[in-house]
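Trainee: One-letter residues, chain by chain:
There are 2 protein chains.
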Amino acid sequence: MKASIGKSPGLAVVSVGKRRDSHTFIRIKLKACDEVGIATLIEELPENCTEHQLLNVVSGFNENPLVHGIIVQLPLPQHLDEEKIIDSVSPEKDVDGFHPLNMGNLAMRGREPLFIPCASKGCIELLLRSGVEIMGKKVAVIGRSKIVGLPTSLLLQRHHATVSTVHAFTTNPEKITREADIVVSDVGIPNIVRGNWLKPGAFVIDMGTNRIKDPSSRNGYRVTGDVCFKEATKVVSAITPVPGGIGPITISMLLSNTLDSAKRAFIFP
Amino acid sequence: MKASIGKSPGLAVVSVGKRRDSHTFIRIKLKACDEVGIATLIEELPENCTEHQLLNVVSGFNENPLVHGIIVQLPLPQHLDEEKIIDSVSPEKDVDGFHPLNMGNLAMRGREPLFIPCASKGCIELLLRSGVEIMGKKVAVIGRSKIVGLPTSLLLQRHHATVSTVHAFTTNPEKITREADIVVSDVGIPNIVRGNWLKPGAFVIDMGTNRIKDPSSRNGYRVTGDVCFKEATKVVSAITPVPGGIGPITISMLLSNTLDSAKRAFIFP
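As given, the protein sequences belong to chains S and U, one line each in that order. 1 is the number of the first residue of the first sequence in the working numbering; add one for each residue after it. 1001 is the number of the first residue of the second sequence in the working numbering; add one for each residue after it.
So that you can see chain S by itself, here it is in the shape it has in the complex (with noise of 0.2 angstroms):
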């Protein structure tokens, strides 16, 4: 875009305090939007700054035309309303695609929104670039976070797929899950999938990032999905690691949402 128009698009990123594993969340992602020639800009806020504070800052961004996509690194202290928060970042520039008028789009079928959350998207990018038929096939999603779980069933019925949600309250989670021919997991906790939950021959998608202890860990713990990783691999037909499976290809649709909304920018502005 830089070579063919003189311009790039533009990231930017909002960190409250100071999180280990966002700061770590937030460097991966400024290191792979300048291997692309995305432009970032990173407004660090203290952990006990006020919420006007971090509201004008979101609203600077907002304005600025040379910023196409803002994120706002979640979670936010708990003093801080993150409904709000979310709800502040122009529908247009939200590429983290949590805007409630985005998920809105989202989930009504017909209508396009104007970012997919990335997790999500690259979910579906996953399996049809695997060759995985989803129309028509029977999805258990497990977990159903703002971020993760709800998106990704979204846009599976998008896809047309018949899609069961499993959740804390579900009876007979493994039932529901051992039916499905595809298997999204993002609950947050440990092995918590094992091999008798999976249907032989499943497409299994973990999207848990669970850190365990581990002493012989250099850092003293190690990422782990929600899968019994070792487990599943006996019965499944293919299955994401974790560390390494749907973590990069996340990464990959966040620059690919800027560069969508730079586009549309630089096309209308």
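Fair warning: there could be bad hints in the mix.
Dumping the calculated DSS-like pairs for lysine-lysine here, alpha-carbon to alpha-carbon at most 27 angstroms [claimed, not checked]:
no., chain 1, residue 1, chain 2, residue 2
1, U, Lys1002, S, Lys263
2, U, Lys1084, S, Lys175
3, S, Lys84, U, Lys1199
Cβ pair distances, simulated, as ranges [unchecked claim]:
no., chain 1, residue 1, chain 2, residue 2, range
4, S, Asn62, U, Lys1018, 38 to 48 angstroms
5, S, Glu44, U, Phe1266, 52 to 62 angstroms
6, U, Arg1020, S, Glu63, 49 to 59 angstroms
7, U, Arg1264, S, Asp214, 23 to 33 angstroms
Here are some of the chain U residues that sit facing chain S, going by a computed Cβ distance under 8 angstroms [to be verified]:
no., residue
8, Pro1100
9, Leu1101
10, Arg1111
11, Leu1114
12, Ser1130
13, Gly1131
14, Val1163
15, Thr1165
16, Phe1169
17, Thr1171
18, Gly1188
Derived by calculation from the structure, the hints in this document are not laboratory data. Just so you know, these numbers come straight off a predicted model, no measurement behind them. A virtual CB, placed ideally from N, CA and C, is assigned to each residue, including glycine.
Based on these hints, arrange chain U on the given structure of chain S.
Mentor: For chain U alone, coordinates are given in the frame of chain S:
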């Protein structure tokens, strides 16, 4: 409300063209408003009206402080962009709950939409008042229309049901439906849900409104649901009839949404 604060809630209805079923629905809504003291305004546009004319009417109602709810009766004639018209209704007056912002907030747990679509809200009301536990129950929602199936799925999930959506591309819809404790149907095909699709003791809500020819009837047709009522009654613990089941409750929910909106307007003008 009139007696206590001297003010009435107001509902505006916009209708385009002369579809007989639409006019029947509107007449029922206006009559119900009249009975409970909700003031009504109706604007009837000709079949061939322009999008600009329709948008102007909606915009007028958005601005009018006497109007607390706006309904644009669907479906609209093909030359009008339904999405654009729905988006033009102020989310604060969207008593149908069809605006993507309200739909997004319905989908996202922890958030509160200003309005929940009336048929879906009626469905939950019916379950709760009938003492049917929703949490943890397996629910099959057959059909995924934007105005009934989708919001009903989303709302049931908010109530912690384990929801499976069944649609035209679902293989073995009868199998999934047969496993459900609660079945909600909104397909628009008479008698598609047969007795052997249903689990013994299930609770069935039939949202279908289908006209079938009936020479013995005064109009030459009669209205029937999606579920084969005669077969279902032998299997299930309860089923809503069509007509007379979910329809009147849906109208009540419209009145309730309009009243809620008026209260918000009078308390925070």
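Trainee: Run every hint past the structure and note whether it holds.
Mentor: Consistency of the hints with the structure:
{"no.": "1", "hint": "U:Lys1002 to S:Lys263", "verdict": "violated (53 angstroms)"}
{"no.": "2", "hint": "U:Lys1084 to S:Lys175", "verdict": "violated (42 angstroms)"}
{"no.": "3", "hint": "S:Lys84 to U:Lys1199", "verdict": "violated (43 angstroms)"}
{"no.": "4", "hint": "S:Asn62 to U:Lys1018: 38 to 48 angstroms", "verdict": "holds (45 angstroms)"}
{"no.": "5", "hint": "S:Glu44 to U:Phe1266: 52 to 62 angstroms", "verdict": "violated (44 angstroms)"}
{"no.": "6", "hint": "U:Arg1020 to S:Glu63: 49 to 59 angstroms", "verdict": "holds (50 angstroms)"}
{"no.": "7", "hint": "U:Arg1264 to S:Asp214: 23 to 33 angstroms", "verdict": "violated (53 angstroms)"}
{"no.": "8", "hint": "Pro1100", "verdict": "holds (3 angstroms)"}
{"no.": "9", "hint": "Leu1101", "verdict": "holds (5 angstroms)"}
{"no.": "10", "hint": "Arg1111", "verdict": "holds (6 angstroms)"}
{"no.": "11", "hint": "Leu1114", "verdict": "violated (11 angstroms)"}
{"no.": "12", "hint": "Ser1130", "verdict": "violated (20 angstroms)"}
{"no.": "13", "hint": "Gly1131", "verdict": "violated (18 angstroms)"}
{"no.": "14", "hint": "Val1163", "verdict": "holds (6 angstroms)"}
{"no.": "15", "hint": "Thr1165", "verdict": "holds (6 angstroms)"}
{"no.": "16", "hint": "Phe1169", "verdict": "holds (4 angstroms)"}
{"no.": "17", "hint": "Thr1171", "verdict": "holds (5 angstroms)"}
{"no.": "18", "hint": "Gly1188", "verdict": "violated (15 angstroms)"}
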